[in-house]
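Listed below, chain by chain, are the residues.
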Amino acid sequence: MIKRGFTLIEILVSIVLLGLISLFVSSTIYQTKNNNKLFKNEVLKGTKRESFLDTLYKDILLSTDLNISNNKNYTIIKLLSNNSVYGISHPYISWLVLKQNNTIIRLESAKKIVIPISENMQKFVYIDAVQKNCKFFQVSLSKDKKSILVFIKIKKQKPIIYEINKL
Amino acid sequence: MTTTTNSKPAYILMEIIVSIIILSIVGIALLKINSNQKRLYLITEKKLNFSRYESLVLNQHSINLHNKDINLYDLIKNKYDLKNDFEIQELKKLKIHYSQKYKSIINMKKDDKNINILIDEIILSNKDGVSKFLTVKQ
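Chains as they are written, first to last, in my numbering: chain A, 1 to 167; chain B, 168 to 305.
If you're looking for bench data, these hints aren't it; they were derived computationally from the structure.
Check before you lean on any hint, since a few could be wrong.
Claimed, not checked - Calculated lysine-lysine pairs in the BS3-like style (CA-CA distance at most 27 Å, straight line):
#	chain 1	residue 1	chain 2	residue 2
1	B	K260	A	K72
2	B	K246	A	K78
3	A	K166	B	K246
4	B	K235	A	K48
5	A	K166	B	K244
6	B	K260	A	K132
7	B	K235	A	K58
8	B	K259	A	K132
9	B	K304	A	K166
10	B	K214	A	K156
11	B	K199	A	K37
12	B	K246	A	K33
13	A	K166	B	K199
14	A	K40	B	K262
15	A	K146	B	K199
16	B	K277	B	K235
17	B	K199	A	K45
18	A	K146	B	K259
19	A	K58	B	K246
20	A	K145	B	K270
21	A	K158	B	K304
22	A	K78	B	K277
Bound-form chain B, shown alone (with noise of 0.2 Å):
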């Protein structure tokens, strides 16, 4: 009569531990960028809103605006006979620090005339975002 014995060592309980451990983490982790999607889309909204209230910037872009915070009741209030107390409050509330910087130079010929085109960088920003544009003029 012979005996056998078998010598493949089962797991211990640490490794099943560590195991369970590691795998849950990788879930929950895959979880979390799941419910990531609704702040990456908020965060666009935020941007989509600020992209829009920077056309009425852009529209009256000046450099004498360099380097000032501007609320957007005081750059429209000129152009447009606003009168709705609600309107005018949420205009002023909606504040955007303008920069506008020279940025480079363009020599053209045309006709034997020398054409210089400055290109200006425009940049806005507040908490909702920040919007770098260029200006071109001769």
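This is chain A alone, in the form it adopts within the complex (with noise of 0.2 Å):
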């Protein structure tokens, strides 16, 4: 029986190929694992804007009675709508933008909401940070006072603007 194994150049050849190849196989894996880390964090935050964006439009929407006061840069947001997260029936609403990280908030109470907040009103009122990193939030009321322009600039993301129509 005549066995002819693999002669030393073959071995030392084949173990260069494999060595070049698992490099850039363990490159390309550690790429990947680092882009579906930044992906999972994008898509973390953009589910959170759009679960924001989504009840600040169903608040002015079915808004009955809107009051907006513009600052430079902040828009507060007082009204009473239709729309509630927890199950409130025409809760008072108010939207704001705290000096804090600059975070936008939601304010939903059975109560007429008056800032600041006292003390005995904080247990009524359901406060949710809904956004930090707020550079830019102003809501405008059309001359004609049927639609509403949204503008919101988030750091380090492009501005979100958008158009309400009254119903």
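Both chains are given apart, each in its own frame, so use the hints to dock them into the complex.
This is how it looks when you write it as structure tokens:
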């Protein structure tokens, strides 16, 4: 029986090739893992942002009484709406931006919300911090008072602009 | 005493190398597909942003805007009383190409009256996307 094994050169060439391929594959795996991590964060951020934009849209669309006060970069919205996140019938809702981390917050209550909120009132108000790092939050009512322009700029993100036509 | 010879040939080096290379190409291609998800997500996000400010243009649609590049500020400056410089600048940066063309006519009869319904096609486009809409008017 003639048994012919690999020569030293063949084995060396195979080891070098395998080494090169495994180096390439490991870098690709690392890159993919990194990409997936970033992608997951982006998707989470996106989902959170969409959910808050959806709530703001419904709050305004279903509002029966809307009060907008504009400061330089931030708007305070006070409204009475038919949209509720907490199952309150016809709740009082406020949207404003806190100085701390420039966080957009949403307040919802069955009682009229007076800002700043007193200690007694705190137990009646649901407070949601919906988005951090807000650079600009402006809501404008059209001259004919039929449409509302929403302009939001979050740090390192493209501006979010949309128009709501009141029902 | 008898001697037997094994005639089954072993793999040659070239065969092994070719198999390894093919396997690694397939593996890398699969990994690349996985990493393409991020690109697709970013495209979707761009499209979503585009579809948001489309609402501003569609609410002001007019045949007079046909074949014009319009920025959002010029479009809504008469409708809203905007004073903030940052907001005005950002709205000016957003440009959309507007196109409105006649698409078709539908004839209907109601109470012995002929009603013509005109259908126009509106195409909005910029670097973030293209959208088509139909408008209906009597």
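For each hint, the structure was consulted:
1. B:K260 <-> A:K72: Within the cut-off at roughly 20 Å; holds.
2. B:K246 <-> A:K78: Given that 27 Å is the threshold and the Cα spacing comes to 22 Å, the pair holds.
3. A:K166 <-> B:K246: Judged against 27 Å, a Cα distance of about 15 Å means the pair holds.
4. B:K235 <-> A:K48: Violated, because 36 Å separates the two Cα atoms, which is more than 27 Å.
5. A:K166 <-> B:K244: holds (19 Å)
6. B:K260 <-> A:K132: holds (24 Å)
7. B:K235 <-> A:K58: Between K235 (chain B) and K58 (chain A) the Cα gap is close to 33 Å, so the pair fails against 27 Å, i.e. violated.
8. B:K259 <-> A:K132: The given pair, whose Cα atoms are some 26 Å apart, holds under the 27 Å limit.
9. B:K304 <-> A:K166: Holds. K304 (chain B) to K166 (chain A) sits at ~22 Å (cutoff 27 Å).
10. B:K214 <-> A:K156: Holds. K214 (chain B) to K156 (chain A) sits at ~18 Å (cutoff 27 Å).
11. B:K199 <-> A:K37: It holds: about 15 Å lies between the C-alpha atoms, which stays within 27 Å.
12. B:K246 <-> A:K33: violated (49 Å)
13. A:K166 <-> B:K199: Violated, because 46 Å separates the two Cα atoms, which is more than 27 Å.
14. A:K40 <-> B:K262: violated (31 Å)
15. A:K146 <-> B:K199: violated (49 Å)
16. B:K277 <-> B:K235: Not satisfied, since the Cα-Cα distance of roughly 37 Å exceeds 27 Å.
17. B:K199 <-> A:K45: holds (24 Å)
18. A:K146 <-> B:K259: holds (23 Å)
19. A:K58 <-> B:K246: Between K58 (chain A) and K246 (chain B) the Cα gap is close to 22 Å, so the pair holds against 27 Å.
20. A:K145 <-> B:K270: The given pair, whose Cα atoms are some 33 Å apart, is violated under the 27 Å limit.
21. A:K158 <-> B:K304: violated (35 Å)
22. A:K78 <-> B:K277: Given pair K78 (chain A), K277 (chain B) is violated - Cα atoms ~47 Å apart, limit 27 Å.
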